[in-house]
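**Q** Read off the chains here:
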Amino acid sequence: MGWSWLLPHGASTFAARIDFMYYVILAITGIAFFVVELGLVWFLIKYRARPGRKAEYIHGSTKAEITWTSVTAVTVVVIGLMSGPVWNQVKGRHSVPADAMPLAARAQQFEWHFTYPGPDGQLETADDFSLRNQLHVVVNRPAVMLLQAEDVIHSFFVPAWRIKQDAVPGLGIRVWFQPTEVGTFELACAELCGLGHYRMRAQVTVHTQEAYDQWLAEQGQNVAIR
Amino acid sequence: MAHAAVMEPPAAAEPGAGVYNEKLGMWVFLGSEVMFFTALIGSYIILRFGAPGEWARPGVVLNVPVTAFNTFLLICSSVSMVKAYAAVVDGDQQKFKMWLLLTIIAGASFVGVQAYEYTHLVHDGFLPSGIREGSELWEKVEAGTVPAATAGIYGSSFYIMTGFHGFHVTCGVVSMIWVYLKALRGGYSATDYRGVEVIGLYWHFVDLVWIILFTIVYLV
Amino acid sequence: MATTAATVGQVGHAGHVDDRSFLRKYIFSTDHKIIGIQFLIMSLVFLALGGTLAMMMRWQLGFPGQAMPGGTVLPETMAPGGVLLPEFYISLVTMHGTFMVFFAIMPLLVGVFGNFLIPLKIGAPDMAFPRLNMMSFWVAVSSGLIMLAGFWAEGGHAGAGWTAYAPLSEAPEYSGVSLGQQLWCLSLIVLGLSSMLGAVNYITTVINMRAPGMTWFRLPLSIWALFITAILVLLAIPILAGGAIMLLFDQTIGTHFFKPATGGQVLLWQHLFWFFGHPEVYILILPAMGMVSDIIANGSRKPIFGYESMVFAIMGIGFLGWIVWGHHMFQSGMNPTLGQTFMISTLFIAVPSAIKVFNWMGTMWRGSLHFHVPMLHAVAFVAMFVIGGLSGVFMASTPVDIYIHDTYFIVAHIHYVLFGGSLFALFAAITYWYPKMFGRMMNPFWGKVHFWLTFGFYNLTFFPMHQLGLQGHMRRIYDPTEYTFLQPLQPLNQFISIAAFLLFASQALFALNFILSWFTGAKADVNPWRDNALEWSVPSPPPHGNFAVTPTVYRGPYEYSSPETSDDYLPQDKRLPTDRMPASQPAGD
Chain F
1 MGWSWLLPHG
11 ASTFAARIDF
21 MYYVILAITG
31 IAFFVVELGL
41 VWFLIKYRAR
51 PGRKAEYIHG
61 STKAEITWTS
71 VTAVTVVVIG
81 LMSGPVWNQV
91 KGRHSVPADA
101 MPLAARAQQF
111 EWHFTYPGPD
121 GQLETADDFS
131 LRNQLHVVVN
141 RPAVMLLQAE
151 DVIHSFFVPA
161 WRIKQDAVPG
171 LGIRVWFQPT
181 EVGTFELACA
191 ELCGLGHYRM
201 RAQVTVHTQE
211 AYDQWLAEQG
221 QNVAIR
Chain H
1 MAHAAVMEPP
11 AAAEPGAGVY
21 NEKLGMWVFL
31 GSEVMFFTAL
41 IGSYIILRFG
51 APGEWARPGV
61 VLNVPVTAFN
71 TFLLICSSVS
81 MVKAYAAVVD
91 GDQQKFKMWL
101 LLTIIAGASF
111 VGVQAYEYTH
121 LVHDGFLPSG
131 IREGSELWEK
141 VEAGTVPAAT
151 AGIYGSSFYI
161 MTGFHGFHVT
171 CGVVSMIWVY
181 LKALRGGYSA
191 TDYRGVEVIG
201 LYWHFVDLVW
211 IILFTIVYLV
Chain P
1 MATTAATVGQ
11 VGHAGHVDDR
21 SFLRKYIFST
31 DHKIIGIQFL
41 IMSLVFLALG
51 GTLAMMMRWQ
61 LGFPGQAMPG
71 GTVLPETMAP
81 GGVLLPEFYI
91 SLVTMHGTFM
101 VFFAIMPLLV
111 GVFGNFLIPL
121 KIGAPDMAFP
131 RLNMMSFWVA
141 VSSGLIMLAG
151 FWAEGGHAGA
161 GWTAYAPLSE
171 APEYSGVSLG
181 QQLWCLSLIV
191 LGLSSMLGAV
201 NYITTVINMR
211 APGMTWFRLP
221 LSIWALFITA
231 ILVLLAIPIL
241 AGGAIMLLFD
251 QTIGTHFFKP
261 ATGGQVLLWQ
271 HLFWFFGHPE
281 VYILILPAMG
291 MVSDIIANGS
301 RKPIFGYESM
311 VFAIMGIGFL
321 GWIVWGHHMF
331 QSGMNPTLGQ
341 TFMISTLFIA
351 VPSAIKVFNW
361 MGTMWRGSLH
371 FHVPMLHAVA
381 FVAMFVIGGL
391 SGVFMASTPV
401 DIYIHDTYFI
411 VAHIHYVLFG
421 GSLFALFAAI
431 TYWYPKMFGR
441 MMNPFWGKVH
451 FWLTFGFYNL
461 TFFPMHQLGL
471 QGHMRRIYDP
481 TEYTFLQPLQ
491 PLNQFISIAA
501 FLLFASQALF
511 ALNFILSWFT
521 GAKADVNPWR
531 DNALEWSVPS
541 PPPHGNFAVT
551 PTVYRGPYEY
561 SSPETSDDYL
571 PQDKRLPTDR
581 MPASQPAGD
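Chains as they are written, first to last, in this note's numbering: chain F, 1 to 226; chain H, 1 to 220; chain P, 1 to 589.
To be clear, the hints were calculated from the coordinates, so they are not data collected in a lab. Keep in mind that a hint or two might mislead.
Pairwise CB distance ranges (calculated) [what the hints assert, rightly or not]:
| # | chain 1 | residue 1 | chain 2 | residue 2 | range |
| --- | --- | --- | --- | --- | --- |
| 1 | H | I45 | P | D19 | 49 to 57 Å |
| 2 | P | E308 | H | Y118 | 23 to 31 Å |
| 3 | H | W178 | P | E308 | 39 to 47 Å |
| 4 | P | W322 | H | Q93 | 43 to 51 Å |
| 5 | H | H123 | P | F22 | 34 to 42 Å |
| 6 | H | D192 | P | R24 | 22 to 30 Å |
| 7 | P | W322 | F | D120 | 48 to 56 Å |
Ideal Cβ placement from N, Cα and C applies to all residues, glycine included.
Use the sequences and the hints to build the structure in full.
**A** Following this line, the structure appears as structure tokens:
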């Protein structure tokens, strides 16, 4: 499994589009890799010095230059044009769905605090509550998370969702996502933040709507952690 | 005027910049100095325009009139530097040394006035870390004429920009003193005045940077 | 009136007796060749040190929490009982990067070969400013000593990565590191001064001191590359200096540049660092590309394919390198629109790099390939730079970067271009110019053994890192087994570590070859590689002043297998009956 060029299983709406971009680039670079490297090996064998054979005295070919420059340029333009809309969807400030469930996340050395809007569905109200290192969301529902950092730069990384965003002290960054599968996933910190960086993990749980409602009701009974 | 071979580009060489090595070297070096001040001034611009509050008006903390005079002094020193250069090219050793000495005095005075200003500012409570609590300027913070939210970065950017400029002026003055001492020993002539031209270039650059700094720090 | 002396056949500086003292000749030397060798010794020591640090990192990653063999020599503050502490691991990560980038690769490419090659290859007696050159070396040594001192600092050495992101890098309350991080900043400021002096020297020398007939488009590509690199150094290092000074002030005198609570901006550091940092990585590859060009043409016995394109590609990379820095910051929280613009510029920089790869292949096509040791390394450079460059395309695409940023995919990319690229080019270059530096040949048999072992273990070490990254393995983590999703990758981590240990061990062959050949290597001819460039027409090693007679250049450096001569090479300064005097010189002999 470790040797694979395949990406691990994706569980968000972003995963499909990001993974597609990855595979497109893999295909293009893969072809380039084989053409160039095999070509190189072939040249090394075919043009090995042999007695009686002289190298060809040639300084270049304008036609060749134009050809490979254009092909490369067109290829990168295509990659750029395909990538742009995906980036915009994930990170664009105007791409956040209006009905996304609001959340807040605060990264600090070396844990994650998540604030939930409570039954009224609004943040900054009396029924908000916070949990340490536990992110709970609903499958197939978009959520938007205001990401902040307490002390140093951290980075919110859920590999299964293909989402990563640096948490920066002094900035409040909105991160949105839509999980597509129920289950538990891992959240990792992806920016060196000090001594405990390697153990700054959290658990992500994606519920069905019913399971989430039940979980929410249970939280009401618990003491909120601010 | 006839130059010695040293004032030409190297003889046994392909045409290059068309000037002797030391002059080309100084122009190249000044390129790096532009980038250094760009880092400091660029950061200042980013900090100021992204600041979480108002920026203090220059006259509230700083002594604009005295610094304006200092600016005038530095500009005069560039003029005297040009005159020194013209004199040595012309072969007039007396005038050359006189104008160079005046330039040194003006440059040293500039540094002196800046140092004097710094001691006053520090005394009043203006530090690279912001406004010192309980100081004279602290009253202005409490009154609101020096916005508290930006006092820290105001101090930080002021001192780093003017401080490094002052450091560059000081290096220039020290270099000019060295040139002057060499001039006293007859080290420059109408056929070889490389050191004079090269330090002159540096001096004009330092003056130009100050004009920009004075504008953005003291006038805006 | 005109005082230009007879330029053709002018007696060079190598004509007179050299009566300098030992101190003047070898320690405080102003001779560019000696200074180049001084940088070589200094850099190789730091290269070995940087590699040692990596071995410790790989031990921890392969065998987390286990006592490292020999680890008990380390103090309790680093590795009690031989088990590396997390804080020490972070310092290792930081210092590995710092030593390799600033004290190994950069001085090897720029300090060693810039110094050694430029005056020789352009036909000059020395650099424009020999005394500044000497200062440049000793200032670099001082910087290295300051950086080494950090290991003894209380609180340990710098621990914010070689990228030193604020606020972690400026707040001991967050990093646990105080003096060590300050020394890191101070060391780089001092090193910046050394680099500046070097850059001024190189640029002035290349512009103003080329021998008659050495027009711009007859310069070897190694010189073009070093020249453009020097311009990058000149303009980029001051930015780092400015940023490092601001960071040092935040750490020591209470300024607020990067402190958001008091008006500073955290991202300002990243913009400053990467505005320098991206040109820096081109500084780390361009001279390698230049020297590889010289060596491939030589090994192929064929002119460089597309010389002008290669020159413009170097310029293109140099120029474009200034407008891509934001690709290090795609996920940083900067305005997402900048993500689009930087993606475009980043994708475009693939074009000149690709042009160079195709032209290297074009050079070998229909050549007569001689696989001397430098050629082996140079060809490997092309093969591995291709991998590094192609992996870069993934991260250039902003959406894919969301996933692979700060993972081992990036680490793989970095090492394919810096090790697979720059370091292999350096093995090639050191072997190639060793005879000119020391008057002896390195042993070719052991050179080949070293090459194959290195090539093999290198790829076994770094290629799997692509896979680690694709599974989400983050960078700079002390113990991957903390994460359930990384636990299945532990066998791969172990595999990489073992390959790395074998890779490191193989370098002993190079070190021994390098040191022993100095004393017992075969005595070198003037031109052992049958190369065309000017340094191969003077003794090995050349005398102080280089050329007894200032050379005159009649052609470019890549006239291999020319029909104008029966040899398969034609030196730049060999005058044929059909050659005219250079336009810059008076006609007639």
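**Q** Does the beta carbon distance between W322/P and D120/F stay inside 48 to 56 Å, or does it fall outside?
**A** Roughly 51 Å apart at Cβ, these two residues keep to the hinted range, so it holds.
**Q** Would you say the C-beta atoms of E308/P and Y118/H sit inside 23 to 31 Å of each other?
**A** At roughly 55 Å between Cβ atoms, Y118/H and E308/P fall outside 23 to 31 Å, so the hint is violated.
**Q** Could you say whether the range 49 to 57 Å given as a hint is met by the Cβ separation of I45/H and D19/P?
**A** holds (56 Å)
**Q** Does 34 to 42 Å hold as the CB distance between H123/H and F22/P, or does it fail?
**A** Given about 55 Å between the Cβ atoms, the range is violated.
**Q** Take the C-beta atom of W322/P and the C-beta atom of Q93/H, compute their distance, and say whether it sits inside 43 to 51 Å.
**A** holds (46 Å)
**Q** Lying within 39 to 47 Å: is that true of the beta-carbon distance W178/H to E308/P?
**A** With Cβ atoms ~45 Å apart, the hint holds.
**Q** Evaluate the given range 22 to 30 Å for the C-beta pair formed by D192/H and R24/P.
**A** holds (26 Å)
Violated hints, listed in ascending order, are 2 and 5; each of the other numbered hints is respected by the structure.
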